[in-house]
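> All chains, full assembly: derive it from the sequences and hints.
Protein chains: 6
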Amino acid sequence: MPDQPPIRSLKEGDPFAGILLAQEAAFKTSAKGSEYLELKLSDASGDLKGFLWDLRAVEGPLEPIQADAFLWVKGAASSYNGRLQLRLDKVRFVPDGDVADVARFFPVSARPVPEMLAELDDRLAGVADPWIRRLLTALFREDEDLRRAFATAPAAKSMHHVYLGGLLEHTLSILGMAARACDHYPELNRDLVTAGVLLHDVGKTAELSYQRGFGYTDAGNLLGHISIEAEWINREVGKIPGFPEELRLQILHIVLSHHGRLEFGSPVLPKTPEALLVHYLDDLDGKLEVMFRALREEGAGAWSPYNRALDRMIYRTRWPRAESVQK
Amino acid sequence: MPDQPPIRSLKEGDPFAGILLAQEAAFKTSAKGSEYLELKLSDASGDLKGFLWDLRAVEGPLEPIQADAFLWVKGAASSYNGRLQLRLDKVRFVPDGDVADVARFFPVSARPVPEMLAELDDRLAGVADPWIRRLLTALFREDEDLRRAFATAPAAKSMHHVYLGGLLEHTLSILGMAARACDHYPELNRDLVTAGVLLHDVGKTAELSYQRGFGYTDAGNLLGHISIEAEWINREVGKIPGFPEELRLQILHIVLSHHGRLEFGSPVLPKTPEALLVHYLDDLDGKLEVMFRALREEGAGAWSPYNRALDRMIYRTRWPRAESVQK
Amino acid sequence: MPDQPPIRSLKEGDPFAGILLAQEAAFKTSAKGSEYLELKLSDASGDLKGFLWDLRAVEGPLEPIQADAFLWVKGAASSYNGRLQLRLDKVRFVPDGDVADVARFFPVSARPVPEMLAELDDRLAGVADPWIRRLLTALFREDEDLRRAFATAPAAKSMHHVYLGGLLEHTLSILGMAARACDHYPELNRDLVTAGVLLHDVGKTAELSYQRGFGYTDAGNLLGHISIEAEWINREVGKIPGFPEELRLQILHIVLSHHGRLEFGSPVLPKTPEALLVHYLDDLDGKLEVMFRALREEGAGAWSPYNRALDRMIYRTRWPRAESVQK
Amino acid sequence: MPDQPPIRSLKEGDPFAGILLAQEAAFKTSAKGSEYLELKLSDASGDLKGFLWDLRAVEGPLEPIQADAFLWVKGAASSYNGRLQLRLDKVRFVPDGDVADVARFFPVSARPVPEMLAELDDRLAGVADPWIRRLLTALFREDEDLRRAFATAPAAKSMHHVYLGGLLEHTLSILGMAARACDHYPELNRDLVTAGVLLHDVGKTAELSYQRGFGYTDAGNLLGHISIEAEWINREVGKIPGFPEELRLQILHIVLSHHGRLEFGSPVLPKTPEALLVHYLDDLDGKLEVMFRALREEGAGAWSPYNRALDRMIYRTRWPRAESVQK
Amino acid sequence: MPDQPPIRSLKEGDPFAGILLAQEAAFKTSAKGSEYLELKLSDASGDLKGFLWDLRAVEGPLEPIQADAFLWVKGAASSYNGRLQLRLDKVRFVPDGDVADVARFFPVSARPVPEMLAELDDRLAGVADPWIRRLLTALFREDEDLRRAFATAPAAKSMHHVYLGGLLEHTLSILGMAARACDHYPELNRDLVTAGVLLHDVGKTAELSYQRGFGYTDAGNLLGHISIEAEWINREVGKIPGFPEELRLQILHIVLSHHGRLEFGSPVLPKTPEALLVHYLDDLDGKLEVMFRALREEGAGAWSPYNRALDRMIYRTRWPRAESVQK
Amino acid sequence: MPDQPPIRSLKEGDPFAGILLAQEAAFKTSAKGSEYLELKLSDASGDLKGFLWDLRAVEGPLEPIQADAFLWVKGAASSYNGRLQLRLDKVRFVPDGDVADVARFFPVSARPVPEMLAELDDRLAGVADPWIRRLLTALFREDEDLRRAFATAPAAKSMHHVYLGGLLEHTLSILGMAARACDHYPELNRDLVTAGVLLHDVGKTAELSYQRGFGYTDAGNLLGHISIEAEWINREVGKIPGFPEELRLQILHIVLSHHGRLEFGSPVLPKTPEALLVHYLDDLDGKLEVMFRALREEGAGAWSPYNRALDRMIYRTRWPRAESVQK
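Line by line, the protein sequences are chains A, B, C, D, E and F.
Start counting the first sequence at 2; every next residue gets the next number (the numbering used here).
Start counting the second sequence at 2; every next residue gets the next number (the numbering used here).
Start counting the third sequence at 2; every next residue gets the next number (the numbering used here).
Start counting the fourth sequence at 2; every next residue gets the next number (the numbering used here).
Start counting the fifth sequence at 2; every next residue gets the next number (the numbering used here).
Start counting the sixth sequence at 2; every next residue gets the next number (the numbering used here).
Hint data in this document are derived by calculation from the structure and do not stem from the laboratory.
Treat each hint with caution, since some may be false.
When chains are identical, the list treats them as one kind, so a pair holds in a single copy or across two.
[To be verified] For lysine-lysine, the following DSS-like pairs were computed, each having C-alpha atoms within a straight-line distance of at most 27 Å: (1) K41 to K29; (2) K50 to K75; (3) K41 to K75; (4) K50 to K91; (5) K50 to K12; (6) K91 to K29; (7) K75 to K29; (8) K29 to K50; (9) K158 to K75; (10) K240 to K50; (11) K240 to K29; (12) K41 to K91.
Small disclaimer: the values here were computed from a predicted structure and weren't measured.
Below you can see the structure in the form of structure tokens.
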């Protein structure tokens, strides 16, 4: 993949040869009975439809050519009905082991991961409460597997922040807003809020599978991320001698209640100000990300298409900002 | 009322004579058939039960002694089953006109009104967009009746910020959080958000009656505060030549959608980021106020009584804040 | 379009040449990679699928051939699998300006508009209350733009009365039933009911776009028709000196509450008999229209297909009417 | 009861002796430990609280003095806290058999029963369809027990038309509106509508108990009135040789679906225009009756108290009717 | 059909000639404009797609070749993209009368019908209560049409036990569990439970049409199976002189309430232990059947596809059973 | 307490002296201003109202006389309005330490605890799967604190099985039904079901407080019993080397999903047959217990009072069981 161009940069007529991820792969039959292969191919820059009209041009066996496989393809970009597609001459399956950097085939956060990890460490360093800092350090600094997963996972399977690094980006964004909220509402316990925000979705690293496409793991489907993170908190707390039971309850409560309502999968309602705040800021940040993404989409009219995550269309006409001296 | 002590300052055995507001007034009959008068009496500091066991001690007619009437009472504080009450010797109806400062009999915001109005004016001065500033100035500075009402009204009949000045206090608190949110999410239009926050509940000045007790006006019951404020915005916009239609739509949309869901009385869902933000911060601020109030209530255990506004009990045990140098 | 036959009158083998509205237009690719054009073409009489198998037969540019465009087409009706379609030889884009009478390409009310306007005027003339008559006259007789729009708009984007003139037809039908209900329930205020019925959906003229296909305007999506008509009523009332505030509240209340439930977009529930009546008769008339339309559809079995507006199938078997002397 | 005055006609100080129905009866204890009897006593004109302060004044045994018993009482009307009550000197149980006309102790319809029965017979005579007429005649004319019950039962246990004769009054009112609706919507089958209206609540004669107070029978609680009337229709249809199966289905469908929604106890949704109409007119008539009753209640402000049947307060201020020549 | 192989037994390349049921039949057009016939063909063993690429190979008229028709087809099994299909050379319509055993073309219960009927008779013989036994015997033994239908009908149109004999299999399975429950909870009336289980879905024999495909009859759509079976119970009870009214109410109550909630179509909630039990065991048995079927489906991963009946995916990984001596 | 009689055995006029639990305690004032003490006093046999009319008869301080305190009382049973009460001459606070056997003051299961524990051990011995047996043995045999609590706790704070030992009784009853269900549905994994049933409510021992009255602990309110038991399962599994992860997921899934719906507090839906079964049998057993209790209540009519747990009245008329030879 070193030399291959991002597919979003292709123009009509450009030749292309390189490895792409098949997000979808279907053998179809034409009306006359001839078979062809229809693909949805992606790298980190985006995706394109691809068509191979003669199956004899497949090199090697047909069977492994499936969704979630890497494929080496050769062909050219052609425009059809105003949309670019790849008309292919050759297709060949590529084992995962032969692909240098798998993550480069997925959508990723616009923020660089090292920058985000540095911000995370700053937040951890700012925690004054010794018990909370110890718990968070154990999980987010010392558990290297978790730290790596936390920096890689998307925030959701669909809905919002659906890209690698999305979980960390979403968490840091809530953390930023939460810090401002603690400045505004002095009754809040800042360190407790920090713990709640950092832990509220950490179980998604085990709930979601994101090595290929984005889906749920067995544990994710059977337990849900809230139960998974409760389990991890209990396990880490168990390793810290003398960890106060009251603090364990307060933290677990924020995590368990952060979906805000039973029908959204929280077994309890938020009953402390910190739990209430984390619920609202989490919900707000996810929904705003969806809206901002819709605003940035190209080639659009005043209204976004119907958005399933928000169950509405989004109004994209923006009232221009007035720049002023006094601000 | 100049010399009379706040009733919250009374101790067992203290005599009391002065004017109080009767929030409740009921003539009851005892098992033996004798009648007595049971009152709930309040000034701005709080309320107490009052009992007059011999109706012949009422001076003047009985009829006007009703809920929402001012009464001159004389008696003494006595303790009964751990709670203070007023055992009365004399009760007399007082016409409203004889009461110097009616507002002093109601619960009021802890923040002084002049301070809040100054903060409001600062916010108005900070609006850069000329159209938005003109609209807000017309309503909140130039319309003196509205300005006065806006500084006096409670934020709700029950639920949250139920005291004189509560509407302004609630609005300013959201405005503070909203300013922080605009720092955090730069895509937001700050002036549009300011307009939405200031206008979102302004119709409550006409929806609620708060001269005596807190209730709804006819217009409040028949139209609701959202329709009332939409009417006012349209009326003021109509007086500003050239006011942009697009801006009118954007502002009205925030106001109409700020309850967030149709079943909560918003005829449309929030479809812009600014509308979404105003909805969330409004909801959050109201609910946090309820929680903080519950935390401050005296003589309580770890759990508040069932809270109807939040449909849950609130956990009052606080995890202590760690004070630290590095923050 | 003067000489072109209504497409519903075509029979297999009939040639056709004329202007039709493209409700849908898609360039598709066949299994072998050749491109073709698939259209849904309509005039006021109905719609047909159309196919152009060779894109070289398009005269002029391809780009403007889109949904909602007028097209001149030439070809012949052919029967395929029991359904008529148009097999096309020529297709050409036609600018709107070249189309004589745009409205003739849409489904229209079965009742002639002049007849309906005459009935409207009769109803207005029958209003005894001078304030109500003045308000209604200002809107429905003197505001010629509104009168024209009111006579043209459909009653909804989908659901019921989805054709030009549908709003007026629906309004008059409710008005007829409402007059009968006022005869039956003498406690009702007849003029107030008339005002409520006439105004309850008038904002749909601005909520819906119906120049091409039927959709929502920006104002429709952002405010909803209820808020739009409340705005108009307030504006007109403001022009009538001395208009009684009590009457303004009563009328606005009917309009605001006519969806009957908060989750259907009414910010308040009907709290007067007149408001309750308007809600029920509006709902009933819309749903009956859906049922009667389903009964009239041809080529059908005992059951209509699943009807999305009513969330059920409709039973089309009719029990025959007994004609009798004594009636 | 011949000579005893209606209790609604009593004034302060009036003596009273006669038989009343005890809607409630409770032996209570005073703070000092003495026992007294508190009653809610009613005749057809209304109800009053009654107090007997000395139980030794009860003639005969105490046990039968219970809710739903008839009592002979003697005492005087006294005013307490603005409300009239009966202060009693004597109380004695009266067996049902000793009460001449039990029905005179309950609230009754304002319309005389014979007048209503005559209207019912007119409606029956107007049915042109021979099968429908035969079915309705069998039930409402020939089955004398049912006819009598139909003329006596209330329309509901609470909610609306809660008085003797209320079921017939409610049914006739719907029938009147339905006749007007059939004039307005000519597609409707008038006789089918008549059948549906007459039968839709007839099972309430067996669902409700209304000999004493208003409650549910065992069959009412276990089956509901809809299933009861379906049973009766099937039984009567079975006695009419050749009754068309299609008509049986159409009638049963109206009856089964007339609550309009599954969660209101209809096992199927209305799927014919006639079923839809009956559902709407039934619902409308019941709710209007509640509103009109609230408007007529005396001594009230602009707003009714919270009304449980409608889940709202009702606005009682009426906009005056304009009387006009041209109507 | 005597010699034709079950289509599930076909392998790639196998020739096939015989009669199959067309569950779906569509004439389609290829991109080039040629027409072909696409079928979904089934016998009791399963179904396969079938394609006839040249319509001239249809013998006889095209019109009757529709969904739900029997067709004689000739062709060969071919594998396409890993799935078997039938590539056809000849297709001919076959009138129903020419098909020997129509039922053999539908999915059927895995349990032989005679075995199930024997179990049914055993259950009937075990009923000790004479009234209940008489009622059940009249319906399930003496009414031969009903007995036959009861042994043939599916349990539902979709959802669960969707195959011929499914109703009886489902009923017997609940009966087995119910017998065990009566052993466990001795307060239950065993014979009443038996009656409730046997009758709870018997109306499905008239609600569903299952001669061809599975759908609803007119009576099914207009009345629902619950009302149908209530009707039948009343009819049979009417034929048994002296049948106790109390027992009729108890049995009807179980049947009417067995969907457990009003929104699921039961007009009353279960109010006796027997009614509650029948509701739970019915619901449980249907849902378990769905799960067990999902577990048995071949070629599957750890998770079933989304299951509409249960609104979830089903986890198919099984924890192996430990076989042990002591059990 | 050795010699004092159960209060349920008292008859009018019986003297009583002994220790009782005050479930409620209120100092009230009479109309004349004298104070008295009203108590609700209980032992395991039931509860009675108690009145002390002269507060000077209290021995020792007044303050500790509160709800949930033990009191020594002396007085006599007197009948008032058909109900027994205790008229007291002496009342004295008793410290908990002075009460021999606290549990004897609460309602208890009708089944003796040793018998229930023996049945529990039998069930444990019958588990064939070595991993499951080891897990269950660790929790229910080796953890003596848990075993004791499991044998003592009620099953709920209200709703069903609200008495000491109720949790174990409820669990064993489900276990019995579950064993029968595993006989009936052979696809079920019996040992997995056993684990699920035993663990599904075990966290209630920490969720509920039942030392005095029945309420929720802090952990119960903040986490809920489902999260508590998930925590315990994870902790015990962590102590068993090599415990299979798949089995851990399967067991946790049953526990987490056993409320069956998200809005009832389960964060995931049941997705395995075992999870589905445990949910249904748990729900059924709790509701049947409520019904059977209502049937057994004395002095009742055909209908129970409105039952909040089931949101309905329960029909208490029983159809008599037929005893027969052939069963």
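> Does each hint fit the structure? Answer for all of them.
Checked hints:
no.	hint	in the structure
1	K41 to K29	both (14 Å within a copy, 17 Å between copies)
2	K50 to K75	within (13 Å within a copy, 34 Å between copies)
3	K41 to K75	within (14 Å within a copy, 37 Å between copies)
4	K50 to K91	within (15 Å within a copy, 30 Å between copies)
5	K50 to K12	within (14 Å within a copy, 33 Å between copies)
6	K91 to K29	both (17 Å within a copy, 24 Å between copies)
7	K75 to K29	both (20 Å within a copy, 24 Å between copies)
8	K29 to K50	both (14 Å within a copy, 14 Å between copies)
9	K158 to K75	neither (31 Å within a copy, 47 Å between copies)
10	K240 to K50	neither (51 Å within a copy, 52 Å between copies)
11	K240 to K29	neither (56 Å within a copy, 53 Å between copies)
12	K41 to K91	within (15 Å within a copy, 34 Å between copies)
The structure fails hints 9, 10, 11 (numbered hints given earlier, in ascending order).
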